[in-house]
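J.: Residue numbering for the sequence shown follows UniProt numbering, starting at 1 and increasing by one per position.
Please note that a few of the clues may not be correct.
Stated by the list, open to error - Distance condition first, Cα-Cα at most 30 Å in a straight line; then the derived DSSO-like pairs of lysine-lysine:
no. : residue 1 : residue 2
1   : K385      : K411
2   : K229      : K385
3   : K180      : K100
4   : K447      : K411
5   : K74       : K14
6   : K187      : K73
7   : K340      : K292
8   : K228      : K95
9   : K14       : K131
10  : K212      : K100
11  : K230      : K212
12  : K481      : K100
13  : K508      : K411
14  : K292      : K95
15  : K187      : K14
16  : K349      : K375
17  : K349      : K454
18  : K74       : K95
19  : K349      : K292
20  : K95       : K73
21  : K602      : K481
22  : K159      : K73
23  : K490      : K508
24  : K159      : K187
25  : K131      : K95
26  : K288      : K454
27  : K349      : K301
28  : K385      : K349
29  : K337      : K230
30  : K230      : K508
31  : K290      : K366
32  : K508      : K412
33  : K508      : K429
34  : K14       : K290
35  : K56       : K385
36  : K337      : K56
37  : K56       : K292
To be verified - If you anchor each label on the Cβ, the simulated ranges turn out as follows:
no. : residue 1 : residue 2 : range
38  : R70       : I590      : 53 to 59 Å
39  : N491      : E578      : 34 to 40 Å
40  : S104      : R188      : 52 to 58 Å
Please keep in mind that the hints were generated in silico from the structure rather than gathered at the bench.
In this text, a Cβ means the ideal position worked out from N, Cα and C, and glycines have one as well.
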Amino acid sequence: MKDYRLTDWLPTTKKEVELRGWDELDVILFSGDAYVDHPSFGPAVIGRILEAQGLKVAIVPQPNWRDDLRDFKKLGRPRLFFGISAGCMDSMVNKYTANKRLRSEDAYTPDGRPDMRPEYPSIVYSQILKKLYPDVPVVLGGIEASMRRLSHYDYWQDKIQKSILCDSGADLLIYGMGEKPIAELCKRLAINSEIPHDIPQTAYVCKEAEQKEEDIVLYSHEECLRDKKKQAANFRHIEEESNKYEAARILQSTGQQIVVVNPPYPPMTQEELDRSFDLPYTRLPHPKYKGKRIPAYDMIKFSVNIHRGCFGGCAFCTISAHQGKFIVSRSKESILKEVKEVMQLPDFKGYLSDLGGPSANMYQMKGKDDTICRKCKRPSCIHPKICPNLNTDHRPLLDIYYAVDALPGIKKSFIGSGVRYDLLLHQSKDPVVNRSTAEYTRELIEKHVSGRLKVAPEHTSDRVLNIMRKPSFNQFGEFKKIFDRINAEKNLRQQLIPYFISSHPGCKEEDMAELAVITKRLDFHLEQVQDFTPTPMTVATEAWYTGFHPYTLEPIFSARTAREKLAQRQFFFWYKPEERKNIINELRRIGRSDLIEKLYGKR
Numbered sequence: 001m002k003d004y005r006l007t008d009w010l011p012t013t014k015k016e017v018e019l020r021g022w023d024e025l026d027v028i029l030f031s032g033d034a035y036v037d038h039p040s041f042g043p044a045v046i047g048r049i050l051e052a053q054g055l056k057v058a059i060v061p062q063p064n065w066r067d068d069l070r071d072f073k074k075l076g077r078p079r080l081f082f083g084i085s086a087g088c089m090d091s092m093v094n095k096y097t098a099n100k101r102l103r104s105e106d107a108y109t110p111d112g113r114p115d116m117r118p119e120y121p122s123i124v125y126s127q128i129l130k131k132l133y134p135d136v137p138v139v140l141g142g143i144e145a146s147m148r149r150l151s152h153y154d155y156w157q158d159k160i161q162k163s164i165l166c167d168s169g170a171d172l173l174i175y176g177m178g179e180k181p182i183a184e185l186c187k188r189l190a191i192n193s194e195i196p197h198d199i200p201q202t203a204y205v206c207k208e209a210e211q212k213e214e215d216i217v218l219y220s221h222e223e224c225l226r227d228k229k230k231q232a233a234n235f236r237h238i239e240e241e242s243n244k245y246e247a248a249r250i251l252q253s254t255g256q257q258i259v260v261v262n263p264p265y266p267p268m269t270q271e272e273l274d275r276s277f278d279l280p281y282t283r284l285p286h287p288k289y290k291g292k293r294i295p296a297y298d299m300i301k302f303s304v305n306i307h308r309g310c311f312g313g314c315a316f317c318t319i320s321a322h323q324g325k326f327i328v329s330r331s332k333e334s335i336l337k338e339v340k341e342v343m344q345l346p347d348f349k350g351y352l353s354d355l356g357g358p359s360a361n362m363y364q365m366k367g368k369d370d371t372i373c374r375k376c377k378r379p380s381c382i383h384p385k386i387c388p389n390l391n392t393d394h395r396p397l398l399d400i401y402y403a404v405d406a407l408p409g410i411k412k413s414f415i416g417s418g419v420r421y422d423l424l425l426h427q428s429k430d431p432v433v434n435r436s437t438a439e440y441t442r443e444l445i446e447k448h449v450s451g452r453l454k455v456a457p458e459h460t461s462d463r464v465l466n467i468m469r470k471p472s473f474n475q476f477g478e479f480k481k482i483f484d485r486i487n488a489e490k491n492l493r494q495q496l497i498p499y500f501i502s503s504h505p506g507c508k509e510e511d512m513a514e515l516a517v518i519t520k521r522l523d524f525h526l527e528q529v530q531d532f533t534p535t536p537m538t539v540a541t542e543a544w545y546t547g548f549h550p551y552t553l554e555p556i557f558s559a560r561t562a563r564e565k566l567a568q569r570q571f572f573f574w575y576k577p578e579e580r581k582n583i584i585n586e587l588r589r590i591g592r593s594d595l596i597e598k599l600y601g602k603r
């Protein structure tokens, strides 16, 4: 185990700034999360990126916004700007369940305390800083700001909200993974104190913008308030541009202002991603927490992220909207370096909890012909079917597994991230690739499952799955047979844990009733289930709110009332005696008495 000094973390107090001998800070970051100096925590990454540029950076985690605002004043004014992140999750998802009930635990707070961040920290922190230091620029980042950069549906207020730039008063918003835009911003501000408006992957508000021929002009915020179909139509443009290699600039009028979203940077190179992960993180919570439990850190402290991005394009997911659909993979050397650092952590017993990414088995996968990818605007590379241009070779990932497992001191490396079984079942035209897939599937099941393997079929209805942009449930059945066969061959007692969603747009009670019958037939008593939660900037959210599918503008049903959602959710739990009577009554009500016997036998 390494010995660390207080100065090995970014400073969080005046005393820690003085310990470094600094009399001025260049950038002060405010975060809605506790400060964990780890590459999975965005504010730590941004802080380390700026530190590597030679800048003097401090971070104020979870400032108190209710008192005399001393946390916002204690470090004074920075030379360049204040940076704000609400945290690793949208604050409203963090604070509320799908039923809009307050959560009892905040996973990103010491001891899980649920009262350490406000609702919408991006707005609250910005408004405070603008009031205290009106002449200092405020820059927003993180997933909350990223997903709310244009007019968006807010489930918790049940209305279309303006760009978060308008409500916060911030000067600039960085969306997506922020290493490149934040580094460029600091270079520019060191030369000129004016906030630049031409940096890729940034958004800003202005009174008028010179329109270019290639710009995409969305329906205005006010038009979206009046006409839900226009809000739905807007979203298709937003998603397509966020998934393109070379995107257009997006403009949207909001009142007397115009929100301008510059196109993103091209995907990072492997060298750039390695540089971000190889920065001198302690990989530990700041000593100020004195051993308090931070649940989100406990989940990932013995894990290693091997790539960014996801080309799944699931309708309810924001990963591709934030990280991009193009996979950027770390080098083998960078991954092994981090594994060796994890091995030095206190309490490490030789078991890696996860060697994965947004989807566990997309490492090094990309288009065979890059010129095709550069023109593509499909939100998913694997739906409705796997793109013939996609390289699905699992050999690079197998090489990582073998190299990690060969390290002295590693007993097991588990895969805790979700596995895309549609990639494992895909038959390429290249027999070598197919052999690698079969070898990977066996290696995964035999050696990398910690008792339970997580997969996400999400539903059993092909019609609903098509709306979700997920493969047919038949593929889950095929994968289960392979999983069961290999387990039997090796005498392993491992479980396949499927994740399911109720109340997704397009899903009706009858679909959930059939889900109950099918999962019973497969002998599943479902545990990993959830109601669909509308989160900003997903296709499913826009369909749920507007009643129209953004790509077809055809009407689409969604369970919106508490009664409708409860009626769907109860079918997950057909096996519970206390649910039986309600389910039988519901099946009769919807005219599906034929399913009663299939669930409960002859009565």
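J.: Would you mind marking each hint as holding or not holding in the structure?
T.: Hint-by-hint comparison with the structure:
1. K385 with K411: violated (37 Å)
2. K229 with K385: holds (28 Å)
3. K180 with K100: violated (36 Å)
4. K447 with K411: holds (10 Å)
5. K74 with K14: Judged against 30 Å, a Cα distance of about 7 Å means the pair holds.
6. K187 with K73: Distance of about 26 Å is within 30 Å: holds.
7. K340 with K292: holds (25 Å)
8. K228 with K95: Holds, at roughly 27 Å.
9. K14 with K131: At roughly 21 Å apart (the allowed maximum being 30 Å), K131 and K14 satisfy the hint.
10. K212 with K100: violated (42 Å)
11. K230 with K212: holds (22 Å)
12. K481 with K100: violated (38 Å)
13. K508 with K411: Not satisfied, since the Cα-Cα distance of roughly 46 Å exceeds 30 Å.
14. K292 with K95: This hinted pair holds, its Cα atoms lying about 20 Å apart.
15. K187 with K14: holds (25 Å)
16. K349 with K375: violated (47 Å)
17. K349 with K454: With a Cα-Cα distance of about 23 Å, the restraint between K349 and K454 holds, given a limit of 30 Å.
18. K74 with K95: holds (27 Å)
19. K349 with K292: holds (21 Å)
20. K95 with K73: Holds, at roughly 26 Å.
21. K602 with K481: Satisfied, since the Cα-Cα distance of roughly 29 Å is no more than 30 Å.
22. K159 with K73: violated (34 Å)
23. K490 with K508: violated (40 Å)
24. K159 with K187: violated (38 Å)
25. K131 with K95: holds (26 Å)
26. K288 with K454: violated (35 Å)
27. K349 with K301: The given pair, whose Cα atoms are some 12 Å apart, holds under the 30 Å limit.
28. K385 with K349: Not OK: K385 and K349 at ~41 Å, beyond 30 Å, violated.
29. K337 with K230: violated (49 Å)
30. K230 with K508: Measuring from Cα to Cα gives roughly 25 Å; hence the hint holds.
31. K290 with K366: violated (43 Å)
32. K508 with K412: violated (43 Å)
33. K508 with K429: Roughly 38 Å between the alpha carbons, so the hint for K508 and K429 is violated.
34. K14 with K290: holds (19 Å)
35. K56 with K385: Judged against 30 Å, a Cα distance of about 49 Å means the pair is violated.
36. K337 with K56: holds (26 Å)
37. K56 with K292: holds (28 Å)
38. R70 with I590: 53 to 59 Å: holds (58 Å)
39. N491 with E578: 34 to 40 Å: Given about 37 Å between the Cβ atoms, the range holds.
40. S104 with R188: 52 to 58 Å: Roughly 44 Å apart at Cβ, these two residues miss the hinted range, so it is violated.
Hint violations for this structure: numbers 1, 3, 10, 12, 13, 16, 22, 23, 24, 26, 28, 29, 31, 32, 33, 35 and 40, all remaining hints satisfied.
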